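> In case you want the letters, here they are:
Number of protein chains: 2
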Amino acid sequence: MLLKPYKIQIKTGGIMVAVIHEDTAHQLDLHLGDRVNLKSGRTEVICMLDITKNGFPKSRIGLFAEAYEALNIEKGDTVEVYPADKPASLLPIRAKLDGVRLKPEELNQIVKDIVGGNLSDVEMTYFVSGCYAHGLDDSETAALTKAIVNNGKKLSFKNKIVADKHCIGGVPGNRVTPLVIPIVVAAGILMPKTSSRAITSPAGTADAVESICNVTINAHHLQKIAEKVGGFMVWGGGVDLAAADDHMIKIRNPMSLDPEGMLLASIMAKKHSVSANHVIIDIPVGEEVKMKDAEKAQHLKDRFIKIGKMLGMKVIVMVTDGSQPIGYGVGPYLEMVDVMNVLKNDPNAPEDLKEKGIMEASVLLEMTGKAKKGQGRKMAEELLKSGKAWKKFNEIVDAQGRKKLPKLAKFQVPVVAEKTGVVKVIHNKTIAHIARLAGAPKDVVSGLVIHKKIGDRVKKGDALYTLHANNQDRVNYALDFAIKNSGYDIK
Amino acid sequence: MLLKPYKIQIKTGGIMVAVIHEDTAHQLDLHLGDRVNLKSGRTEVICMLDITKNGFPKSRIGLFAEAYEALNIEKGDTVEVYPADKPASLLPIRAKLDGVRLKPEELNQIVKDIVGGNLSDVEMTYFVSGCYAHGLDDSETAALTKAIVNNGKKLSFKNKIVADKHCIGGVPGNRVTPLVIPIVVAAGILMPKTSSRAITSPAGTADAVESICNVTINAHHLQKIAEKVGGFMVWGGGVDLAAADDHMIKIRNPMSLDPEGMLLASIMAKKHSVSANHVIIDIPVGEEVKMKDAEKAQHLKDRFIKIGKMLGMKVIVMVTDGSQPIGYGVGPYLEMVDVMNVLKNDPNAPEDLKEKGIMEASVLLEMTGKAKKGQGRKMAEELLKSGKAWKKFNEIVDAQGRKKLPKLAKFQVPVVAEKTGVVKVIHNKTIAHIARLAGAPKDVVSGLVIHKKIGDRVKKGDALYTLHANNQDRVNYALDFAIKNSGYDIK
Chain S
1 MLLKPYKIQI
11 KTGGIMVAVI
21 HEDTAHQLDL
31 HLGDRVNLKS
41 GRTEVICMLD
51 ITKNGFPKSR
61 IGLFAEAYEA
71 LNIEKGDTVE
81 VYPADKPASL
91 LPIRAKLDGV
101 RLKPEELNQI
111 VKDIVGGNLS
121 DVEMTYFVSG
131 CYAHGLDDSE
141 TAALTKAIVN
151 NGKKLSFKNK
161 IVADKHCIGG
171 VPGNRVTPLV
181 IPIVVAAGIL
191 MPKTSSRAIT
201 SPAGTADAVE
211 SICNVTINAH
221 HLQKIAEKVG
231 GFMVWGGGVD
241 LAAADDHMIK
251 IRNPMSLDPE
261 GMLLASIMAK
271 KHSVSANHVI
281 IDIPVGEEVK
291 MKDAEKAQHL
301 KDRFIKIGKM
311 LGMKVIVMVT
321 DGSQPIGYGV
331 GPYLEMVDVM
341 NVLKNDPNAP
351 EDLKEKGIME
361 ASVLLEMTGK
371 AKKGQGRKMA
381 EELLKSGKAW
391 KKFNEIVDAQ
401 GRKKLPKLAK
411 FQVPVVAEKT
421 GVVKVIHNKT
431 IAHIARLAGA
441 PKDVVSGLVI
451 HKKIGDRVKK
461 GDALYTLHAN
471 NQDRVNYALD
481 FAIKNSGYDI
491 K
Chain W
1 MLLKPYKIQI
11 KTGGIMVAVI
21 HEDTAHQLDL
31 HLGDRVNLKS
41 GRTEVICMLD
51 ITKNGFPKSR
61 IGLFAEAYEA
71 LNIEKGDTVE
81 VYPADKPASL
91 LPIRAKLDGV
101 RLKPEELNQI
111 VKDIVGGNLS
121 DVEMTYFVSG
131 CYAHGLDDSE
141 TAALTKAIVN
151 NGKKLSFKNK
161 IVADKHCIGG
171 VPGNRVTPLV
181 IPIVVAAGIL
191 MPKTSSRAIT
201 SPAGTADAVE
211 SICNVTINAH
221 HLQKIAEKVG
231 GFMVWGGGVD
241 LAAADDHMIK
251 IRNPMSLDPE
261 GMLLASIMAK
271 KHSVSANHVI
281 IDIPVGEEVK
291 MKDAEKAQHL
301 KDRFIKIGKM
311 LGMKVIVMVT
321 DGSQPIGYGV
331 GPYLEMVDVM
341 NVLKNDPNAP
351 EDLKEKGIME
361 ASVLLEMTGK
371 AKKGQGRKMA
381 EELLKSGKAW
391 KKFNEIVDAQ
401 GRKKLPKLAK
411 FQVPVVAEKT
421 GVVKVIHNKT
431 IAHIARLAGA
441 PKDVVSGLVI
451 HKKIGDRVKK
461 GDALYTLHAN
471 NQDRVNYALD
481 FAIKNSGYDI
491 K
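Residue numbers (the working numbering), protein chains in the order written: chain S, 1 to 491; chain W, 1 to 491.
No false leads were mixed into what you were given.
Just so you know, same-sequence chains aren't split out, so a pair can sit in one copy or run between any two.
Think about it this way: if two alpha-carbon atoms lie no more than 20 Å apart in a straight line, the pair counts; the simulated EDC-like pairs of lysine to aspartate or glutamate are:
| id | residue 1 | residue 2 |
| --- | --- | --- |
| 1 | K11 | E22 |
| 2 | K292 | D98 |
| 3 | K344 | E395 |
| 4 | K39 | D29 |
Worth flagging that the hints you see were computed from the coordinates, not collected in a lab.
From a predicted model like this one, the values you see are computed outputs, not experimental measurements.
When you get a sec, could you build the whole thing from the sequences and use the hints?
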């Protein structure tokens, strides 16, 4: 049947969608969610069918922007509609829902269809649900990781040893990555690090680094930077590595679902896609971080190591203390100030951040064989103390594209203790929320600077932290909240 | 933030959806799939947020038809956007995915949100997945049934005894309902039957009955028909009973998922919503029907009876032979011809259809107490033979709105046996497919009329069935297919 195209000025961002009138669908024996071939001139595309009851003429076919553009429609063109086959991955998705273990080629087909935009949100949700309800075993997880890597861009290097790190997250201020990279790279180890932006936190590593240099760099340029300075610290989304992951995260977000196998595959795919073979994983454990349970952390640790082996990756997992923020700053630039103070050997640099950076760097130096067993810490400290790490940091910043350092926020307002006592608990989530209310991560210099940590004695009226914000509204939002709930338990 | 509305001329048919530019979303700290409150003048609605990357101005908000209309937007109006809470049912949906048994009030909340258009397709898919992966036990299934009924329209009658029937389906020509209804109603039992239309079959009961009278009748009018003639046979979709069911079926269709508990709840809700308390369920078992496995049929039978009890419904389940088509006609009107021939005591009426109708009617007559035990068959036969059932059938047809009987199809072409032998197998799916190729169910008089059943001796060249179609194209489609694959195994 020939229908007149009608452009819907919206991108679906996923599968291509076409809309026809109910009566037209009936005539063509087509149903909601059917795949249809659309043909206009010599161009053919497959769309998912949506059906509308009224307010839409029977002679027309509505095309969301992607489909309209893919069909190269010109004025006066008509579109021919006929049924198309279902994508091959529906069978294995159904099998997974039934609890069947999937084969590597089946997982690859699913990921291929996800990246190719061949699956609807409903179909992807069934895949996520199946993985959540029945789990993915180690072989499936390794196969899913490979499938994600194979169906995305990949960076390869001449170096035999490629280091990488990952943190499961949830601890405010935990900006260890831009500290570890220059130490490890200064020792001569390649470390091509891609990071993510904040979704619900006050800063992701990419947001923090972006406050002082460019982080959106294409794959070709990244290869050159790696060759020139030995590493980088960029935004993963700018390179389109592990593209399937973004689609799956979109489906997982509404329910905050993290099927363990998918979480593992997602992380490992990002490492594998930059050809990393020596990887450390940081799992902070605490009541207000992603991983609340030490036993589960141990289980996850074992799986990371096993799956790493299956991918030819040496993996060391550290279960760390996630009970309170690390460093002083919470917010993109305020966290980078801490990082730079550590690198510059500033006596006021936060000790906990410095310690965590040295510890992680020393593990990487030993596991890559750069330092002998037991000598990693000494080497890391030396690279820091000598200024070599600071020098390397600046080389990387210059290679990525240095920005002028931003000015600190206009408003800096202390939040004070209501009573005298000892800090017993700092609620990570509350601190993160207040930093976001102050404007982080969008306004890169906003957030807060912490003055008191767990175990510190405070007097009534002492500043617990200082809010940083660039306009009065933001100050008020954050302060109103902090006065009701500072995030500190003092006893 | 105030945005200029832009109407997208499409109905989503589900949750209301608004679209904003990526940068605007960033500024408002909103994410894909977030709920937003939209306010225009005094009107407020909650929408699901979609985010677009380009081809869409930052100052505008795209509104799909339902949202645009709900906001009563007039020229020059702006729309205010701010975050909204997530619907209450996301927590129990998540719990179900984790394998938790849901409470009646949780299931009611989920169904309420489904009917209210508060859940996205992704969220509904998680619910279906959870029910599929972890199952629904008897209490959950009964609670889901009640939730579906409570969140939809309901028909109530003065009669203490209300009979109903249901067939799991998959057998071509199995048009027993319009035969059972007049027999049972003629005996003085109320039988308010709603049926469905064909989705992938050549005819649903509603399609068949519609070939001779109106089947789309509102609830108010149905009550009057029931009072006047004691029963009806209409299309369920015209009454909006069990509305939640349609939403869930939309989600189940892409993967042909039938979570057992949902299937049970869906069927039982349709019975419960017409206040039925004496119900027979027919589960045909055969290689090419929905239920392939006698053991599973037995399991389903037990659950139907248990859940019926929990709902105050007396249920009798019959596991029947689904190995071949029933009656001669396959296609809406051709099936009604069989039904009317049985009711008119025509000597050429199909014996198997007549036998199944009498059997089902007699079970209903006995279970409702209208006939004594062992006397049901005699009563049913008598009602048929005396012409009382045929009279009642005509009363019902008149009450619903009789149509002029359609003319038989213009083209009637036999499909013949390729060899001499005995009919060993008739493939239901092939027969159904050929009937659809001939034009059923859209063209009500098309389909096919079967001449040979399993066990019949045939000579090469004997007609196995006759195709009925109204145009040469349809004849060719069906004949081309039938010549390659008649659907008959002859040995």
